[in-house]
Amino acid sequence: MAGTLDSRVWFVTGSSSGFGLALIEAVLAINERVVATLRDVTKLADLQAKYPADQLLILPLDVTNTAQIAQVFKQIEQHFHRLDIVVNNAGYALAGEIEGIPEDEARRQLDTLFWGPVAIMKEATRFFREVNPQGHGGRILNISSIGGYEASQLVGFYAAGKFALEGLTQSFNKEMPPQWNVKATIIEPGGFATNIWTSGLVMTPPHPAYPEDSPTAQFRKNMTQWEAFAIGDVKKAAQAIILVARDKDAPLRVQLGSDAWFGVNLRANTTLKDQEKWAAVSHGTNLDSHSGPDAIAKLKALMGA
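Per our numbering, residue 1 is the first one in the sequence shown, and the count goes up by one each step.
Do not rely on the hints blindly, as some may be mistaken.
Taking lysine to aspartate or glutamate and the DMTMM-like style, the derived pairs with C-alpha atoms no more than 20 Å apart in a straight line are [to be verified]:
#, residue 1, residue 2
1, Lys236, Glu25
2, Lys235, Glu25
3, Lys174, Glu123
4, Lys122, Glu175
5, Lys74, Asp54
6, Lys122, Asp54
7, Lys273, Asp288
8, Lys174, Asp111
9, Lys236, Asp247
10, Lys122, Asp111
11, Lys74, Asp46
12, Lys235, Asp249
13, Lys122, Glu150
14, Lys248, Glu175
15, Lys273, Glu175
16, Lys235, Asp46
17, Lys235, Asp259
18, Lys183, Asp259
19, Lys174, Asp249
20, Lys50, Asp62
21, Lys183, Asp46
22, Lys248, Asp294
23, Lys183, Asp247
24, Lys183, Glu123
25, Lys298, Asp288
26, Lys122, Asp84
27, Lys50, Glu25
Pair by pair, the computed Cβ-Cβ distance ranges are [said to hold, decoys possible]:
#, residue 1, residue 2, range
28, Ala305, Asp54, 40 to 48 Å
29, Ile231, Gln71, 33 to 41 Å
30, Lys221, Lys74, 41 to 49 Å
31, Asp62, Asp288, 53 to 61 Å
32, Ile231, Ala151, 18 to 26 Å
33, Asp6, Ser214, 54 to 62 Å
34, Ala279, Lys235, 43 to 51 Å
35, Ile30, Glu130, 21 to 29 Å
36, Leu243, Gly200, 40 to 48 Å
37, Met203, Asn173, 31 to 39 Å
38, Pro293, Asp6, 48 to 56 Å
39, Lys235, Gln153, 27 to 35 Å
40, Lys221, Ser258, 18 to 26 Å
Because the hints were derived from the structure by calculation, they are not lab data. Since this is a predicted model, take the numbers as computed values, not measurements. Heads up, the beta-carbon is just placed ideally off N, CA and C, and yes, glycines get one too.
Could you put the whole structure together from the sequences, leaning on the hints where they help?
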């Protein structure tokens, strides 16, 4: 195992609890280095006392503050002079009917789940390219959710933020020149016993137009029992994230938990079945000079598929 002074450097947002805390503890345990960021740095006082400054750097960060994000990356460069893995983990859940959530609340959700990670990804890319040795590159792990692939009622803006992050991640990978050695992976957890649906949840009052038997009303009742359905172990999730970070051939998406795997599998297969059922309609909108098979063959050639 590499010594601490030449080990990988991780940057993790939302390090106060849940996945973030479990991950930084697991990374420190394998003798790698961590930049742990969170709003209230006092929450990591015990870890700060346990590990030296050359292995653990704790910094305050509100991911919606772009100036603070830029400052954090400057501090990473000054302190560790390198960066290997960036984990966009900070977040919270906003629940309520779409037409009942105030616009400022919805925008705050998107600022946290999407625009904050966007700013971090941009700073990380510059750091990997210009601060790290040429070709060393780096990895970005974006913590999404099963809700970033299969949206549920009542959490529309949460899903919107995660869907947006997943789409951006896919585009990001396609933009990266191979010689930079920069890659991003989406992590899609299912139900874990974190605070995302308890203290990390912002719930707006029910919209008066929705009856008690509406889908959103039923989901509200189920959310109060959400922890009982959380089958995931955050410590095992942390080990899985470390495994993904080590694999240079990791896929675009990795699900954590059987529930997340099942949800993605079900939606993907439903999409394929719908495609087959509606194939004639899809191909029927082509110009007469472009049959379905011919158009697909040309697209495959263009994409190298």
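Each hint tested on the structure:
1. Simply put, lysine 236 and glutamate 25 have alpha-carbon atoms about 12 Å apart, close enough for the 20 Å limit, and the pair holds.
2. Of the supplied pair hints, the one linking lysine 235 and glutamate 25 holds, its CA atoms being roughly 9 Å apart against a limit of 20 Å.
3. Proximity of lysine 174 to glutamate 123 is assessed by CA-CA distance (about 18 Å); at most 20 Å being required, the pair is judged to hold.
4. For the proposed pair lysine 122 and glutamate 175, the alpha carbon gap of about 12 Å is at most 20 Å, so the pair holds.
5. At roughly 16 Å between alpha-carbon atoms, lysine 74 and aspartate 54 fall within 20 Å of each other, so this suggested pair holds.
6. About 25 Å separates the Cα atoms of lysine 122 and aspartate 54, which puts this hinted pair outside 20 Å; it is violated.
7. At roughly 26 Å between alpha-carbon atoms, lysine 273 and aspartate 288 are farther apart than 20 Å, so this suggested pair is violated.
8. With a C-alpha separation of about 24 Å, the suggested pairing of lysine 174 with aspartate 111 is violated against the 20 Å cut-off.
9. The straight-line distance between the Cα atoms of lysine 236 and aspartate 247 is roughly 17 Å, inside the 20 Å bound, and the hint therefore holds.
10. A distance of roughly 15 Å separates the Cα atoms of lysine 122 and aspartate 111; the hinted pair therefore holds under the 20 Å criterion.
11. For the hint pairing lysine 74 with aspartate 46, the CA-to-CA distance comes to about 25 Å; that exceeds 20 Å, so the pair is violated.
12. A distance of roughly 23 Å separates the Cα atoms of lysine 235 and aspartate 249; the hinted pair therefore is violated under the 20 Å criterion.
13. With a C-alpha separation of about 27 Å, the suggested pair lysine 122 and glutamate 150 falls outside the 20 Å cut-off, and the hint is violated.
14. The hinted pair formed by lysine 248 and glutamate 175 meets the criterion: a straight-line CA distance of about 17 Å does not exceed 20 Å.
15. With a C-alpha separation of about 31 Å, the suggested pair lysine 273 and glutamate 175 falls outside the 20 Å cut-off, and the hint is violated.
16. A distance of roughly 18 Å separates the Cα atoms of lysine 235 and aspartate 46; the hinted pair therefore holds under the 20 Å criterion.
17. With a CA separation close to 17 Å, the supplied pair lysine 235 and aspartate 259 stays within the 20 Å bound.
18. Proximity of lysine 183 to aspartate 259 is assessed by CA-CA distance (about 26 Å); at most 20 Å being required, the pair is judged violated.
19. Annotation: proposed proximity of lysine 174 to aspartate 249 holds, straight-line Cα distance about 15 Å (limit 20 Å).
20. In summary, the hint linking lysine 50 to aspartate 62 is not supported, as the alpha carbons are separated by about 25 Å, beyond the 20 Å threshold.
21. Under the criterion of a C-alpha separation no larger than 20 Å, the hint pairing lysine 183 with aspartate 46 is inconsistent with the structure, at around 33 Å.
22. Distance check on the hinted pair: lysine 248 and aspartate 294 sit about 35 Å apart at the alpha-carbon level, beyond 20 Å; violated.
23. Of the supplied pair hints, the one linking lysine 183 and aspartate 247 holds, its CA atoms being roughly 11 Å apart against a limit of 20 Å.
24. Annotation: proposed proximity of lysine 183 to glutamate 123 holds, straight-line Cα distance about 14 Å (limit 20 Å).
25. In summary, the hint linking lysine 298 to aspartate 288 is supported, as the alpha carbons are separated by about 15 Å, within the 20 Å threshold.
26. In summary, the hint linking lysine 122 to aspartate 84 is supported, as the alpha carbons are separated by about 14 Å, within the 20 Å threshold.
27. Between lysine 50 and glutamate 25, the direct Cα distance comes to roughly 11 Å. Compliance with the 20 Å bound is thereby established for this hinted pair.
28. Alanine 305 and aspartate 54 have their C-beta atoms about 47 Å apart, which keeps the hinted 40 to 48 Å range intact.
29. One distance hint, 33 to 41 Å for the beta-carbon pair isoleucine 231 and glutamine 71, holds here, with the actual separation near 39 Å.
30. Hint check: lysine 221 to lysine 74, Cβ distance near 47 Å, so the stated range 41 to 49 Å holds.
31. Our hint of 53 to 61 Å for aspartate 62 and aspartate 288 holds, since their Cβ atoms are close to 56 Å apart.
32. One distance hint, 18 to 26 Å for the beta-carbon pair isoleucine 231 and alanine 151, holds here, with the actual separation near 20 Å.
33. Hint check: aspartate 6 to serine 214, Cβ distance near 57 Å, so the stated range 54 to 62 Å holds.
34. The given range of 43 to 51 Å is respected by alanine 279 and lysine 235, whose C-beta atoms sit roughly 45 Å from each other.
35. The hint said 21 to 29 Å for the Cβ distance between isoleucine 30 and glutamate 130, and at roughly 28 Å that hint holds.
36. Checked against the hint of 40 to 48 Å, the C-beta distance between leucine 243 and glycine 200 comes to roughly 25 Å, which is inconsistent with it.
37. Judged by the Cβ atoms, the range 31 to 39 Å given for methionine 203 and asparagine 173 holds: they are separated by roughly 35 Å.
38. Hint check: proline 293 to aspartate 6, Cβ distance near 54 Å, so the stated range 48 to 56 Å holds.
39. Between lysine 235 and glutamine 153 the beta carbon distance is about 31 Å. The supplied range of 27 to 35 Å therefore holds.
40. Separation of lysine 221 from serine 258 is about 24 Å and conforms to the stated range, judged on CB atoms against 18 to 26 Å.
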